[in-house]
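Asks: Protein chains in written order, with our numbering: chain W, 2 to 480; chain P, 22 to 385.
If you're looking for bench data, these hints aren't it; they were derived computationally from the structure.
These numbers were taken from a predicted model, which means no experiment stands behind them.
Wrong hints could be hidden among the right ones.
Okay, derived cross-link-like pairs now, SDA-like style, lysine to any residue, Cα gap no bigger than 20 Å in a straight line [claimed, not checked]:
#: 1; chain 1: W; residue 1: Lys443; chain 2: P; residue 2: Arg369
#: 2; chain 1: W; residue 1: Lys443; chain 2: P; residue 2: Arg163
#: 3; chain 1: W; residue 1: Lys138; chain 2: W; residue 2: Leu307
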Amino acid sequence: MALPRGVIGDLERIVGSRHVIHDPHDLRIFERDGSISGALPDAVVLPADRDEVAGVVRLAARHAIPVVPRGTGTGLSGGAITLRGGIALQLSRMRRIVEIDPVARTAVVEPGVVNADLQQAAARLGLFYAPDPSSQKACTIGGNAAENSGGPHCLYYGVTTNHVIGLEVVFADGSVAWLGGDAPDRVGLDLLGVLVGSEGTLGTITRIKVRLLPVPESIVTLMAAFPTIETASHAVSDVIGHGIVPAALEMMDQVTIGAVEAHYRAGYPTDAGAVLLVEVDGLQESTGELSGAIERILRANEATNLRTAADAAERELLWAGRKGAIGALGRIRPNYYLHDGVVPRTRLPDILRRVGEIGEHYRLPVANVFHAGDGNLHPNILFDLRDEGVLTQVEEAGEEMLRAVVELGGTLSGEHGIGIEKNAFMPWIYGPDDLDAMLRVKHVLDPGGMLNPGKIFPDPEREPRLVARAGFCAEARWW
Amino acid sequence: MVVDGLAPGRVERPATAEELAEILRAADQAGEAVVPVGGGRALGLGDVPERFDVALETRGLCRVLERSQADLTVSVEAGITIEELNAELAEIGQFLPIDPFNAPGHTIGGVLATGLSGPLRLRYGSPRDFVIGLRVALPDGRLATSGGRVVKNVSGYDLNKLHQGALGALGVIVAASFKVFPRPHHEVTLETRHEDPWAEAARALALAMPPVALEATSDGRVLARLAGTADGVGRIAGELGWTEVGAEAWEEHARRAGEAWARISVPPGRLRSVVDGLPAGATWWASPGVGIAHWTGELEAGAVRAAREAAEDAGGSLVLLSAPPELKREVGAWGTAPATATWMSRLRDAFDPQRTISPGRYVI
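One chain only, chain W, in its complex shape (with noise of 0.2 Å):
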C-alpha cells in the first residue's frame, strides 16, 4: 500500500523527521527478520517513548494503516514483518532498564532492551532473568513478551509468559493501560497473559516488567555423547522419567557437531551420533546428587566421553557451541530454515526418525539442535538459495515435518511463534471453534484488524506457501 497523503508529514511532527524512513532504499533494511520471507514497509518510524508510541498508533487507526512493532528482527516466524506493508514501529531507541530492584527482584524494561543487556545488569545484583534464547545476544525483551520466546534453560524455569508479571501497552485506539502488576492475582481478566505472545497483533508493548531470580549457589554442566540420536533420546526420557526435571536438557546431531566442533572447539566428540547437554543447578549437595544421578541414568543408555564442565569457562565454552550452533551450520550450507515444533518429549525417538526420512527423501541435510528435555524440536533444513528450485523443497519438508509433528500430538511452535510462516497450518491443530474463540479476542482489541495484519490465522488474502525472494544469506541469524 501507498501511504495517504500527508502521513509521513505527521508521522516527522510525532517523532521528530530524524526518526521517520521513508527512501526505498532504506527501507529495504526493514525489509525482512529471521525467517525467509519479506515485505517493505512504507515507513519505518523510531519512536522514543510511550506517547510517540501511542501517536503513531492513533494516527495510523485513522487512516487505517497496518501497524507492526519491531525490536532487533531475531524472529524466526515473520512476526515483524510488514506483510502489508504500513508501518514497522522500530522500538531500538526505547532500550532502556528504567529499574532493577534488587529486593522485590524484579526488572522494568523498554521493549528494545537486549536480553543479554538485561542479563548483565541483574548478573551484577547476583539475579538472572530466566528466559534465554540463543538469540540473546541480539534479541530484546519486547519480542520476548511479543512472541513468549523460550531458551535451553526453559525446561525448569519456564519461558516468558512466567517471568513477565507486568506489560505497559498500547492499544489498538491509541490508549495506554499497565497489565498486571507485583501484586498475585489481579482483579480481573488476565489480559497479560493474553498480551504475552500474542506477536504484535493485539497491542505494541512499551514496557515490560520481570521477575528476576538469584542466580544458583551451585551450577554443574554435562555433556555426554551418544552412538545415535535414539540412545540420546532414551535417555532424556529416562531422566525426566527419574523424576529428575534439570535446568536445560539439550542436544545436538552428528551435524551440527561436526559444524560446532569446527568452529569452537567445544571438544564436542565429533564421532557421536549425537551429544547432550545437561545442567543442572541449585545447593551444592543438590547439584552434586542429581548430577551423579543423571550420569548413571546417561551411562545406562550406551552414554560415552562424559564431561562435567570444571569451571565457568569451560561451561561458557560448552554452551557457545550449543547457542552459536546455527551459525556454525553456514560451513555446510549457506541458508537454513528451521520450524519448532513440539512432540510430547516421550516420542522424540519417532519424530526424529521422520525428521531423517523427511530429510532423506527431499536429499537436503538435515542438522538437529534442539531442547530435548521439553521435547522442542529445531531440524534445521540446510541449502543454498542459489540451487534452482531449492526453495520449494525446502519448504515441503518443513511442511511434512510439521505435520509429522502435529501426528504425534504435537505442536506448532514451542518458542518461534506462528507469524506468517505456519499460520496455514493452524487448523491442523485447532478447529473451527477454537480459531473462532481466539478471534473473538482479536477482533475485540483489535477491530480494525490494523495491529499486524495476516499473522498467527490462517490469512485468506495470501498463498499459505511461503513467498521466498533472492539474497537472503544465513550469516549472523539467530534463533
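With the hints as your guide, set chain P onto chain W.
Replies: Chain P in isolation, oriented as in the chain W frame:
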C-alpha cells in the same frame, strides 16, 4: 447449591463435555442464568448473583483423559477433585502443586475458574504457570480448545490465561491439561513460633534454597516446607533451626476458611504493612513470599473498606471469598474495577453477551 441465599430453579448434572455445552446453549437461548458448580468449595466468591436458574454441576466430568509419566503431563476433565487427581499421580511419583484453602473437595475446573491458590504457589507458581491446555464450553454451545498437551506451546493466543480466575465469565472449563511435577526426593516440614513471625519468615525466604511453601499465621506460628535432595534439605533445615513436624500440618492448614473470609493480594514487600493494619486480634494466615493473606472472622464493613483501601494503595486487592450477602452488597466482593474494565467487558460481550453465566458475580 445455594449461592448467597439464592437456590437454583433446577440442577443439571451432565456426564460429558458435549452434554454440558448443550445444557449451557439451551439455557443461554432460554435466557436462563447458569452458575457452574464444581466441588462447591468456593460458591461464596464474587458478588451476589442477579439471577440463578440452573446449577450446572460438573462432578460428572471426572475422568483422567491422559496421563504420561515420562512426558510429565496429565489431561483431566474439570469435575475431578484435586485429591482424586493427586492420588492418581502419586502412583507414578508425580503431583500437581495446587493446594487451595477450604480443602478438600475443590475440583480442577473450580480451582481454575476461581483462581484460588495455596502455600505451594511460592515454589511452583499458580496454575497459570503450569496449565498447558484448556477446553471450555461457551454460551453458544461451542467447545473451544486452547493450548495443547505439550509442555511448551506458542501456537495461537494463550486463552488458557484468559479463563483462569474469570469465574466463568467467558465460558465453563470442561477439561484441562497440566505440566505436572515429580514428587521431591525428600521433604520436611518445620515449624516455629515467634513473636515476630514476619521476621522469621523473611529469614527463611532468604535461604540459599527457600522453602517450597511458607506460611505465617496470626497466632505467631510459621510453617515451612523444604523439598529437594536429602543432603540439601538437611543443610537448609539446619540453617533454619526450626522444629520438625509432621506433613499433616499442611492438610490441617489447607482446611482453613471461614463463613466470612477475604483474600488480600499485594506485592510481597507490602504484605506485612497491610496485614498489620487489620483490626486488633484479627485472624489471618499469610504467604509472605507470595504476597497473599487470608483474613477471617466477623468481617465488618468499615474494617473491610479500610483493609481494601490499604491493599489497593499497595497496588493490590482485597476480594471477599465468602461473606454474608448484606456485606457483599455493602462493600462489593471485588473492590475498585481494573483500569482495563472496558476491554474486559467487551471481551465478555464477545463470549457471553447475555450474561448467562453467573450474572452479576464477576467484576465485569
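Asks: Taking the hints in turn, state whether each one holds.
Replies: Structure-based check of all given hints:
In summary, the hint linking Lys443 of chain W to Arg369 of chain P is supported, as the alpha carbons are separated by about 13 Å, within the 20 Å threshold. A threshold of 20 Å between alpha carbons decides the hint, and for Lys443 of chain W with Arg163 of chain P the separation of about 18 Å falls inside it, so the pair holds. For the hint pairing Lys138 of chain W with Leu307 of chain W, the CA-to-CA distance comes to about 29 Å; that exceeds 20 Å, so the pair is violated.
The structure fails hint 3 only (numbered hints given earlier).
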